[in-house]
Amino acid sequence: MSGKKSKICTIKIGHQWVYGAILFSTLLWCLLFISVPFLACGGPFSRKIAGIITLFFAPICHQSAERSFHLMNHPFAVCARCTGIYGGFLAGVLLYPALNKWKKDATPSRGILIGAILLSGLEILLSRISLIPAGPLPRVLTGFILGSVMAFYVIPTVFELAKIQKGAKPKINSENISPKQAFWNESKLLPPKAESV
Amino acid sequence: MENKPSKLVPALIGGTVIAVLSAVPIINLGNCLCCMWVILGGVLGSYLYARELPPGDPFPSSDGAVVGLLSGVFGALFGTFLIYFFIAFLGFRPGQEFFQNLLESRRDLSPELEDLVDELRAGGAMRPFFAFVWLVVTLVMDAIFGTVGGIIGAALMKNKGSSDKLKKTKKSK
Numbered sequence: 000m001s002g003k004k005s006k007i008c009t010i011k012i013g014h015q016w017v018y019g020a021i022l023f024s025t026l027l028w029c030l031l032f033i034s035v036p037f038l039a040c041g042g043p044f045s046r047k048i049a050g051i052i053t054l055f056f057a058p059i060c061h062q063s064a065e066r067s068f069h070l071m072n073h074p075f076a077v078c079a080r081c082t083g084i085y086g087g088f089l090a091g092v093l094l095y096p097a098l099n100k101w102k103k104d105a106t107p108s109r110g111i112l113i114g115a116i117l118l119s120g121l122e123i124l125l126s127r128i129s130l131i132p133a134g135p136l137p138r139v140l141t142g143f144i145l146g147s148v149m150a151f152y153v154i155p156t157v158f159e160l161a162k163i164q165k166g167a168k169p170k171i172n173s174e175n176i177s178p179k180q181a182f183w184n185e186s187k188l189l190p191p192k193a194e195s196v
Numbered sequence: 000m001e002n003k004p005s006k007l008v009p010a011l012i013g014g015t016v017i018a019v020l021s022a023v024p025i026i027n028l029g030n031c032l033c034c035m036w037v038i039l040g041g042v043l044g045s046y047l048y049a050r051e052l053p054p055g056d057p058f059p060s061s062d063g064a065v066v067g068l069l070s071g072v073f074g075a076l077f078g079t080f081l082i083y084f085f086i087a088f089l090g091f092r093p094g095q096e097f098f099q100n101l102l103e104s105r106r107d108l109s110p111e112l113e114d115l116v117d118e119l120r121a122g123g124a125m126r127p128f129f130a131f132v133w134l135v136v137t138l139v140m141d142a143i144f145g146t147v148g149g150i151i152g153a154a155l156m157k158n159k160g161s162s163d164k165l166k167k168t169k170k171s172k
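Chains X and U, in that order, give the protein sequences. Just so it is clear: in the first sequence, position 150 is 149 by numbering that gives the first Met the number 0, and no numbers are missing. Just so it is clear: in the second sequence, position 94 is 93 by numbering that gives the first Met the number 0, and no numbers are missing.
Heads up, some of the hints might be wrong.
Stated by the list, open to error - Quick list of simulated restraints, FRET-style, between CB atoms:
id, chain 1, residue 1, chain 2, residue 2, range
1, U, L76, X, L30, 24 to 32 angstroms
2, U, L102, X, R109, 36 to 44 angstroms
3, X, S129, U, V23, 44 to 52 angstroms
4, U, L76, X, P107, 31 to 39 angstroms
5, X, G114, U, F128, 43 to 51 angstroms
Hint data in this document are derived by calculation from the structure and do not stem from the laboratory. Being a predicted model, the structure only gives us computed values, none of them experimental. From the three backbone atoms N, C-alpha and C, an ideal C-beta is built for every residue, glycine too.
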């Protein structure tokens with residue numbers, strides 16, 4: 000037998016790398032819809048790109064110009080609520096390392112998520128029945144809260160998914176080894192020399 | 000080995016719901032609210048998976064994310080098939096009114112958008128290139144939002160019994 004020890008080869012991608020990937024993709028996503036007003040001010044080619052980006056976001060947002068933020072007289076590619084959600088998510092991603100330690104993988108209590116969803120739902124309902132002014136501020140604010148809360152559920156989940164187990168050998172089944180061996184395995188000490196018979 | 004229930008069946012059901020709700024006219028406008036139907040499909044997949052778990056077993060959010068992701072992928076594939084079925088056999092053009100509203104709303108970009116929309120109106124939607132682009136875009140969107148739905152579902156259906164069980168085992172140790 001070769002002297003190689005059989006051990007479980009667990010590749011744990013560093014949390015920092017996974018976090019960096021999430022931050023990069025979120026930034027890219029936000030830049031994509033914010034870039035539309037800038038591109039719309041440019042030449043024919045950049046305006047065509049702006050049109051393609053607008054169509055890209057069309058399946059997920061109504062994109063009504065009256066309900067969107069404007070920059071240089073051109074609206075963003077998504078509405079104010081979606082801007083709030085994505086902006087909030089970005090803020091949540093940026094705040095995550097400060098508020099939640101790297102190694103704390105658990106997601107927060109579901110009550111926080113339910114509260115954020117209900118808050119957005121309540122805002123939609125109240126603005127529909129004209130109990131609150133239908134302006135961009137309540138939409139963006141409730142969207143921002145929902146987005147930032149979502150970040151604290153998404154990031155730990157991605158951390159959990161990133162722990163790729165490269166299954167070299169299956170784990171030693173504790174039922175198949177003697178209690179004595181299990182004790183030495185747990186204590187990580189060398190077992191005493193076998194008594195001479 | 001852990002005996003976990005299959006993720007495929009809940010994902011297929013979630014994906015079918017996403018496809019039907021995203022393809023049926025008028026109802027599909029619900030997706031304009033942050034991909035509502037796609038998120039709902041992910042949550043449904045997560046819920047169905049949680050139901051299959053033995054009582055007291057924990058429901059990790061990563062499992063919910065995988066079910067949601069698969070639901071989104073199936074939803075995009077079935078949805079594209081359904082939409083092209085509608086176009087080819089029923090002569091229905093999905094999103095005509097929607098594109099009209101988009102053109103009226105986005106007047107600043109209307110010449111550029113009109114070119115694209117006119118091409119789609121003139122039967123361009125049936126071209127393999129457009130079908131492929133549509134499939135890629137919906138795959139990306141549905142995968143992202145389906146995963147988010149799955150994570151939301153896992154967070155909402157966190158098994159209370161499992162956390163109690165864990166606490167008890169910790170205490171007994």
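Should the hint that L76 of chain U and P107 of chain X are 31 to 39 angstroms apart at their CB atoms be regarded as holding? Because 33 angstroms falls inside the window, the suggested range holds.
S129 of chain X and V23 of chain U, beta-carbon distance inside 44 to 52 angstroms? violated, 30 angstroms
Should the hint that G114 of chain X and F128 of chain U are 43 to 51 angstroms apart at their CB atoms be regarded as holding? holds, 45 angstroms
Quick check: does the Cβ-Cβ distance between L102 of chain U and R109 of chain X fall within 36 to 44 angstroms? holds, 42 angstroms
Could you say whether the range 24 to 32 angstroms given as a hint is met by the Cβ separation of L76 of chain U and L30 of chain X? holds, 29 angstroms
In summary, the structure is inconsistent with hint 3 from the numbered list given earlier, while agreeing with all the others.
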